[in-house]
Every structure is written in C-alpha cells, then in structure tokens.
Amino acid sequence: SQTIHQWPATLVQPVGSPLSLECTVEGTSNPNLYWYRQAAGRGLQLLFYSVGIGQISSEVPQNLSASRPQDRQFILSSKKLLLSDSGFYLCAWSVRGTVNQPQHFGDGTRLSIL
Amino acid sequence: GQQVMQIPQYQHVQEGEDFTTYCNSSTTLSNIQWYKQRPGGHPVFLIQLVKSGEVKKQKRLTFQFGEAKKNSSLHITATQTTDVGTYFCAGPRVGTYKYIFGTGTRLKVLA
Numbered sequence: 027s028q029t030i031h032q033w034p035a036t037l038v039q040p041v042g043s044p045l046s047l048e049c050t051v052e053g054t055s056n057p058n059l060y061w062y063r064q065a066a067g068r069g070l071q072l073l074f075y076s077v078g079i080g081q082i083s084s085e086v087p088q089n090l091s092a093s094r095p096q097d098r099q100f101i102l103s104s105k106k107l108l109l110s111d112s113g114f115y116l117c118a119w120s121v122r123g124t125v126n127q128p129q130h131f132g133d134g135t136r137l138s139i140l
Numbered sequence: 072g073q074q075v076m077q078i079p080q081y082q083h084v085q086e087g088e089d090f091t092t093y094c095n096s097s098t099t100l101s102n103i104q105w106y107k108q109r110p111g112g113h114p115v116f117l118i119q120l121v122k123s124g125e126v127k128k129q130k131r132l133t134f135q136f137g138e139a140k141k142n143s144s145l146h147i148t149a150t151q152t153t154d155v156g157t158y159f160c161a162g163p164r165v166g167t168y169k170y171i172f173g174t175g176t177r178l179k180v181l182a
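Protein chains in written order, with this note's numbering: chain F, 27 to 140; chain W, 72 to 182.
In case anyone wonders, no lab produced these hints; they're calculated from the structure.
Some hints could be false.
Chain W stretches covered by chain F per the calculated footprint, using a threshold of three residues with CB under 8 Å from any CB of chain F [stated by the list, open to error]:
| id | region |
| --- | --- |
| 1 | 92 to 105 |
| 2 | 110 to 118 |
| 3 | 164 to 178 |
Residues of chain F clear of chain W, computed beta-carbon distances all greater than 10 Å [what the hints assert, rightly or not]:
| id | residue |
| --- | --- |
| 4 | T29 |
| 5 | V41 |
| 6 | G67 |
| 7 | S83 |
| 8 | E85 |
| 9 | R94 |
| 10 | D97 |
| 11 | N126 |
| 12 | P128 |
| 13 | D133 |
| 14 | G134 |
| 15 | S138 |
Label-pair distances were calculated between CB atoms; the ranges are [unchecked claim]:
| id | chain 1 | residue 1 | chain 2 | residue 2 | range |
| --- | --- | --- | --- | --- | --- |
| 16 | W | S97 | F | S83 | 19 to 27 Å |
| 17 | W | S123 | F | Q96 | 26 to 34 Å |
| 18 | W | K128 | F | S43 | 17 to 25 Å |
| 19 | W | Q74 | F | T36 | 46 to 54 Å |
| 20 | F | Q88 | W | A149 | 26 to 34 Å |
| 21 | F | Q81 | W | Q80 | 47 to 55 Å |
These numbers come from a predicted model, not from an experiment.
Note that the Cβ used here is the ideal one computed from N, Cα and C, for glycine as well.
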C-alpha cells in the first residue's frame, strides 16, 4: 500500500532562518505531488505542485521554493523565513496522468515563526 | 479566477441532529471531491462525484452533485461526536491536475 511521510511534525524557527521540509511517498511511482499551506482555522492554499522530477509549478509568489530531486521526494524550502510563513504545511500525492484522482495527505508540519 | 465556496463556515449541532454543508463553484466542474479533516489532523478523502445529479451514500453521509455540476452538498444524518471536524469540497482547476479546495465547514457536535 502507498504511504506518505512528512517531517518534522512540528518546527519552531526564528525569523530570517532557512527552512527545509521533506516529503516522501512509498508504494507508488510517478505521483503528482503537492505542497499546501493551511493557516489556523482556514482552508488549504496550494503552494506548489509537480508532475515529475524537476517539474515544479508555483501557485503563489512568495519566498518559498520547492524541488523534486527524486520521483517520490518533494522538498519545500526557504532561504529566509518571514512571520507570515507560519502555518500548517501539508504534502499530498495523487495518481499521475489523470485529474480524477483523490489526493492523499501526509500528517503535516506545524511551523511557528518567532 | 475560479473559486469554490462553502457555507456555512461553522455549524454547531446537538448530537443526533442532522447537518448539511453546501459547496458552490464559479465554474462547471468535471468532478467534485469531499474531504474531512479532524481537529489537529490532515484532510482525508471521503468520496468523489462525477455525474450530473449523482447521489452517493456512505452510512449516515449523503453526497450530492448538482445537475449543472456547479454545486454539491454533504448531508450527515443523526450526527455523532465522531463527525466533528472540518469538511472540504474540492474541484479541479480546468486543464490542470490542481484542485481548488473550498473554504470548509467546521462542524462541532455537542453531546
């Protein structure tokens, strides 16, 4: 069966520090991969999505970036965190090649910026 | 741009009462998905509707896709405390693999 792993579960970082969140998927190949951010009590904002290695689509201009160095690995990064980057970051995957597939989410990372 | 809205934003019900959340899209959707997010958890896929006017049931949950494929609803009969959470609908952005999530309805069930 397929599984998705995200780490760390929680993170507290000072303003201006760098960020690296990692997500890996097991049990499937060539997945679509997504990064979402959820502010407290709010909906899901799509940040990035990828349909293959090295193929990243950015949804919202910001100081975050994403990379997909391997087929089942998706990384969210920042060189300098802002207070507004606080939130719940969720990675998700779906079957590649068709739009009518559910998204499967990881447990998420709660990021607090001080 | 394409938008997906949900109402109500919040709903408090007594255990045993029914609950309904409504989802409205600014554009016609090829399909619609529903997710549930428990407090402190991540969204979990519930169901997908594809056909115009489609109705699907999962135990006490009834999902409906509108005839024009621009709206959908989720109805829970006789709510239980285990139904607590936020319910999101999501529709695909035309021509992409991306889904636009609705604003969500947070359900609180009072025992």
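These are the hints, each one checked on the structure:
1. 92 to 105: Result for this restraint: holds, n = 3.
2. 110 to 118: It holds, with 5 qualifying residues against the three required.
3. 164 to 178: With 10 residues in contact (Cβ-Cβ under 8 Å with chain F), the coverage given for the region 164 to 178 of chain W holds.
4. T29: The claim holds: F:T29 sits with its nearest Cβ about 13 Å from chain W, beyond 10 Å.
5. V41: holds (25 Å)
6. G67: violated (7 Å)
7. S83: violated (8 Å)
8. E85: Check fails; 8 Å does not lie beyond 10 Å.
9. R94: The claim stands: F:R94 keeps its Cβ more than 10 Å from every Cβ of chain W (closest is about 14 Å).
10. D97: Given that every Cβ of chain W is farther than 10 Å from that of F:D97, nearest at about 16 Å, it holds.
11. N126: Non-interface label on F:N126 violated, nearest chain W Cβ at 5 Å vs cutoff 10 Å.
12. P128: violated (4 Å)
13. D133: violated (6 Å)
14. G134: With a cut-off of 10 Å, F:G134 comes too close to chain W, as the shortest Cβ separation is near 5 Å.
15. S138: Fine: 15 Å to the nearest Cβ keeps F:S138 off the interface.
16. W:S97 with F:S83: 19 to 27 Å: holds (21 Å)
17. W:S123 with F:Q96: 26 to 34 Å: Hint violated: Cβ distance 41 Å, outside 26 to 34 Å.
18. W:K128 with F:S43: 17 to 25 Å: Check failed, 49 Å falls outside 17 to 25 Å.
19. W:Q74 with F:T36: 46 to 54 Å: With Cβ atoms ~32 Å apart, the hint is violated.
20. F:Q88 with W:A149: 26 to 34 Å: violated (44 Å)
21. F:Q81 with W:Q80: 47 to 55 Å: violated (35 Å)
The structure fails to meet hints 6, 7, 8, 11, 12, 13, 14, 17, 18, 19, 20, 21 from the earlier list, while all remaining hints are met.
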